[in-house]
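2 protein chains.
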Amino acid sequence: MSNKTPFSPNISTIASAIQPFHVMKILAEAKILEASGKEVIHMEIGEPDFASLPCVHQAANEAAEQGLTHYTPTMGLPALREKLADFYGDFYQANVSQNNIMITPGSSTALQLVLTALLNPGDKVMLADPAYPCNRQFVNLLHGELLAIPVSHETQYQLNLDLLKANWQAGIKVVMVASPANPTGTIIEQNELLAMAEFLAEQNAYFIVDEIYQGLVYERPAESILGNVNLPENVIVINSFSKFFGMTGWRLGWCVLPEHLISVMDRLGQNLFLAAPTPSQYGALRVLEQDALQALEARRAIFEQRRNALINAMQQASFTPKLIPQGAFYLYWDVSEYTDNSEQFCADLLQQTGVAITPGRDFGDYQAKQHVRLAYTTDIEKLTLAVQKISGFIHQNADFETVKSNLPGLVGFDIQGII
Amino acid sequence: MSNKTPFSPNISTIASAIQPFHVMKILAEAKILEASGKEVIHMEIGEPDFASLPCVHQAANEAAEQGLTHYTPTMGLPALREKLADFYGDFYQANVSQNNIMITPGSSTALQLVLTALLNPGDKVMLADPAYPCNRQFVNLLHGELLAIPVSHETQYQLNLDLLKANWQAGIKVVMVASPANPTGTIIEQNELLAMAEFLAEQNAYFIVDEIYQGLVYERPAESILGNVNLPENVIVINSFSKFFGMTGWRLGWCVLPEHLISVMDRLGQNLFLAAPTPSQYGALRVLEQDALQALEARRAIFEQRRNALINAMQQASFTPKLIPQGAFYLYWDVSEYTDNSEQFCADLLQQTGVAITPGRDFGDYQAKQHVRLAYTTDIEKLTLAVQKISGFIHQNADFETVKSNLPGLVGFDIQGII
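If you're matching them up, the sequences are chains A and B in order. If you count the first sequence from 1, position 155 lands on 154 in numbering that gives the first Met the number 0, and the numbers rise without skipping. If you count the second sequence from 1, position 111 lands on 110 in numbering that gives the first Met the number 0, and the numbers rise without skipping.
In short, the hints are calculated from the structure, not lab data. Just so it is clear, the structure is predicted and the values come from calculations on it, not from any experiment. Among these hints, one or two may not hold up.
[As the list claims (entries may be wrong)] Okay, derived cross-link-like pairs now, BS3-like style, lysine-lysine, Cα gap no bigger than 27 Å in a straight line:
id : chain 1 : residue 1 : chain 2 : residue 2
1  : B       : K164      : A       : K3
2  : B       : K30       : A       : K82
3  : A       : K368      : A       : K381
4  : B       : K30       : B       : K381
5  : B       : K388      : B       : K368
6  : B       : K30       : A       : K3
7  : A       : K164      : B       : K37
8  : A       : K30       : B       : K82
9  : A       : K123      : B       : K3
[To be verified] Each pair of labels, with its calculated beta carbon distance range:
id : chain 1 : residue 1 : chain 2 : residue 2 : range
10 : B       : P53       : A       : F86       : 40 to 46 Å
11 : B       : S15       : A       : W167      : 22 to 28 Å
12 : A       : Q387      : B       : Q293      : 55 to 61 Å
13 : A       : T12       : B       : N94       : 43 to 49 Å
We put the beta carbon where it would ideally sit given N, CA and C, even for glycine.
I would like the entire structure built from these sequences, with the hints used as guidance.
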């Protein structure tokens, strides 16, 4: 018998309410299937299948061999901040000073710090539904108030100036967008972003632009809101070495701050995380070199081929996604023809076919039960096979046999561009 | 002229109030001095001067060469959690399950997550003054209420059961201690820790025990509160690979959680940081091997020699620290004989002698102006020279010429043990 002093758990209200990623349940079930010998096609994972480039760990290792394993300054390795400033100049014709760049341990930390720097309890934060799930949690943890604006394929699942104006109300301190976005892969055009930034500055609200998938765009040049001249001082850009740069496990991101936020972000960083990982920062310094960027461009092209192959396979199977992703590596697919419960749909699909995809519920509430996210982070052969399996699954399940007529056609996608 | 839409900065109240580390000012001034050609002895830095062991970056690099650069699970690499559980068994006779161990990107994140999991706005957190400065900020950010209990050399600058009882009041949700502590290097004995844990469980309060400096102890065995059997379910242990393990720049820590906090911490981690750095986790796996631990023990012995040399030099100079640090690499020194403004004392000392130390203000309010922290994170020759310089500085400044008689003697220190 235990002689422990009894104790009643007493978790905070906010932490108790935090939702897990529902995709984790899919992942766990997929692992059980794999352990039983069944093959699983992983289209649920928001991570490139490529490992980081060899030059990354070589550079990290060389730095460590020279004894460079101590803390860096909280704002980041000066050489890396300088190199990123150059990167903005070279690739986006953006005039960014290294002083305004803060290196963070992943973009999650950047998002958390920025919202901490801005939000008082009760301040309202407007974002799109669907969107990256963690943003909602950051706002909840800071006792902010969420204004999740339902968006559909009609606005490319994005906020725009009209939606800002139509939904504007007192107390909105921050608007958050992502371009390209997770889970939809859609982009907000530069003129629209600038118009939104200016409207928000007039309202004295901040504009957080998540460019985490920057660089992973197809049939168009990569862009940054920072390429605009005369950007008002309310714009904060979040970015990451995880996606285009393929350095997920190295946990490194950055943000670009207006002048008045530098000092407060430095102080928050000193207290909340001290410094980003040093080996990762030396690795990132290397990944911004020309030869590495070329290797990453080749990987981008592979993602584009996969996207095209996925869309092509879906069309072959008479599926009609309403929108073609312009970037990232996701397709957000309206499956309302086949189910009114996309979570059950994903669970059944996995059990019956071994294809793992993510239910819409992870990204919000609006039409979440009608959507699923397909990640094209695996090779073309598997993607094609997966679509065939999904097709077979749908045809075998009688309750999905609904009439598929008069469906809206593809939007924003040049059909000739698909192999 | 700029055509920017005007914007008025609007930072959150809590972020505005966050203090920088005042030692940063000392560090910045030290760098200016160094740039002007003056030699600086750095005793302000809370970081081992040693780089991480070569086996750490070798192991990280080998893992990366095998393509192991993706995200790990949020709770951490299973092999590392298992190895840490073994470590607790081998070194502390502690029965810790790997399921209760969560790997975090530095112990800062562990502390932040744990407090997020526990605190509702208005919940009270009791801690010692002086203490590690970030803890106060974490509580402020969560809108908790701080109960900073003044502690002096009479209780080894630590909370104890008597102080808990004497200062108890309704609404205390958490008590935080560190053993060994920063900035004092003092330890809370095991029987005291257990008694505190049991008292707190009776009050239905949590007990966060920071063991970040665990292993860096002198003339006594390293211990963990987890070595106690029948520990109540209110105890949370925070630890780090930064100090004893010397992996500062790799940003890796962990916490040991009671069963009922595992799920909520996993969910918080999924949202707030995703996963700790993968290369760092492979490095940490290697640093827990026997040969690496032996190399770290040799480094511990060097810190012990430095401590002894520092104390010895201070006694030679007729300084009488009231307390000898039992662990970590800090001496918290009462300089009230020489100044009533330790911040000015540190600034003047640096300018006149090139010796950089940290003012008490970074660690709290109580007698902060009477204390400075000396870090023995540099070699013995420099430490000895620094004390001579401090002595010269004090004798040259007339206003410090006060009578030094009837001072309390050394506490808890075997004078014979000093070389």
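Between K30(B) and K3(A), does the CA-CA distance stay at or below 27 Å?
53 Å, violated
Distance restraint between K164(B) and K3(A), which requires alpha-carbon spacing of 27 Å or less:
20 Å, holds
Assess, step by step, whether the Cα of K123(A) is no farther than 27 Å from the Cα of K3(B), and give holds or violated.
24 Å, holds
For the pair supplied as a hint, K388(B) and K368(B), confirm whether the alpha-carbon distance does not exceed 27 Å.
21 Å, holds
Do the alpha carbons of K164(A) and K37(B) lie within 27 Å of each other, as the hint requires?
59 Å, violated
Go ahead and decide if the range 40 to 46 Å is satisfied by the Cβ distance of P53(B) to F86(A).
32 Å, violated
So if I understand the rule, the pair passes when the alpha-carbon distance is 27 Å or less; does K368(A) with K381(A) pass?
Status holds; Cα separation ~25 Å.
Between T12(A) and N94(B), does the beta-carbon spacing fit 43 to 49 Å?
32 Å, violated
Assess, step by step, whether the Cα of K30(B) is no farther than 27 Å from the Cα of K381(B), and give holds or violated.
This hinted pair holds, its Cα atoms lying about 17 Å apart.
Using the C-beta atoms of S15(B) and W167(A), is the stated range 22 to 28 Å upheld?
For S15(B) and W167(A) the Cβ distance comes to about 26 Å; the hint holds.
Verify the CB-CB distance for Q387(A) and Q293(B) against the hinted window 55 to 61 Å.
57 Å, holds
Pair hint outcome, K30(A) versus K82(B) [Cα-Cα no greater than 27 Å]:
At roughly 23 Å apart (the allowed maximum being 27 Å), K82(B) and K30(A) satisfy the hint.
Hints 6, 7, 10 and 13 from the earlier list are contradicted by this structure; the remaining hints agree with it.
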